[in-house]
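Asker: Sequence:
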Amino acid sequence: MEVLKLKRWLGYIAAVSMLAGCAANSQSADDGSRNLVNVKNSTITNNSRESEQEISRHLVDLAERVPNVKDAAAVVFAGYAIVGIDVDKDIDRSEVGSIKYSVTESLRNDPHGARALVVADPDLNARIREVGQDIQNGRPIQGILNELADITGRIMPEVPGDITEPQPKDATEEPKNKLNSSERSELEDKQQKQSNYHKD
Numbered sequence: 366m367e368v369l370k371l372k373r374w375l376g377y378i379a380a381v382s383m384l385a386g387c388a389a390n391s392q393s394a395d396d397g398s399r400n401l402v403n404v405k406n407s408t409i410t411n412n413s414r415e416s417e418q419e420i421s422r423h424l425v426d427l428a429e430r431v432p433n434v435k436d437a438a439a440v441v442f443a444g445y446a447i448v449g450i451d452v453d454k455d456i457d458r459s460e461v462g463s464i465k466y467s468v469t470e471s472l473r474n475d476p477h478g479a480r481a482l483v484v485a486d487p488d489l490n491a492r493i494r495e496v497g498q499d500i501q502n503g504r505p506i507q508g509i510l511n512e513l514a515d516i517t518g519r520i521m522p523e524v525p526g527d528i529t530e531p532q533p534k535d536a537t538e539e540p541k542n543k544l545n546s547s548e549r550s551e552l553e554d555k556q557q558k559q560s561n562y563h564k565d
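Per the numbering used here, residue 366 is the first one in the sequence shown, and the count goes up by one each step.
FYI, nobody ran anything at the bench for these hints, they're computed from the structure.
Certain hints may be false.
Computed list of lysine-lysine pairs in DSBU-like fashion (alpha-carbon distance at most 35 Å, straight line) [unchecked claim]:
1) LYS543 / LYS558
2) LYS555 / LYS543
3) LYS435 / LYS465
4) LYS454 / LYS435
5) LYS454 / LYS465
Owing to the predicted nature of the structure, the values given are computational and were not obtained by experimental measurement.
Produce the entire structure from the sequences given, and follow the hints as far as they go.
Answerer: Okay, here's the thing in structure tokens:
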């Protein structure tokens with residue numbers, strides 16, 4: 366009888382260990398499938414360069430349809446577009462602004478031109494042409510990106526309203542001095558609580 370109990374216990378232990386082993390094996394198989402990561406292929410291929418060149422030719426065509434635009438150049442790269450226009454050098458500066466605005470209006474309704482930057486500066490226009498040529502010649506992307514960064518850096522101005530002035534250390538203390546003593550004390554308590562009692 367003792368041997369029979371021992372066999373029974375060994376049978377139970379074997380069954381439990383097999384079930385535990387199978388459960389662990391099943392769990393590790395599930396873990397492998399849960400850790401899969403799907404990524405989008407983000408490499409730039411010649412196909413995307415060709416389609417970007419087609420888009421840039423389309424934007425040039427739209428810009429050149431505007432009266433008084435002698436010539437245009439465009440670069441489309443990674444979803445962004447810069448269009449440079451060439452106008453007669455004898456045209457008044459204010460009229461150049463109007464022509465540039467007309468080009469912007471003509472691009473606005475086009476899905477590829479809606480977010481395009483438009484420039485009428487001859488130097489920038491020449492640089493845009495060079496970048497377009499570099500893209501056609503298959504120049505490395507890093508050089509193209511550096512050149513585009515330089516161009517957009519010249520286009521985007523510093524807006525005075527966007528400049529934040531440094532705040533003096535005790536800027537919040539000045540209005541507090543205009544309060545009566547009970548209001549000042551109440552404000553002090555609130556500030557202490559909000560700063561987790563780290564306020565000097």
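Asker: Run every hint past the structure and note whether it holds.
Answerer: Consistency of the hints with the structure:
1. LYS543 / LYS558: holds, 21 Å
2. LYS555 / LYS543: holds, 17 Å
3. LYS435 / LYS465: holds, 12 Å
4. LYS454 / LYS435: holds, 10 Å
5. LYS454 / LYS465: Judged against 35 Å, a Cα distance of about 14 Å means the pair holds.
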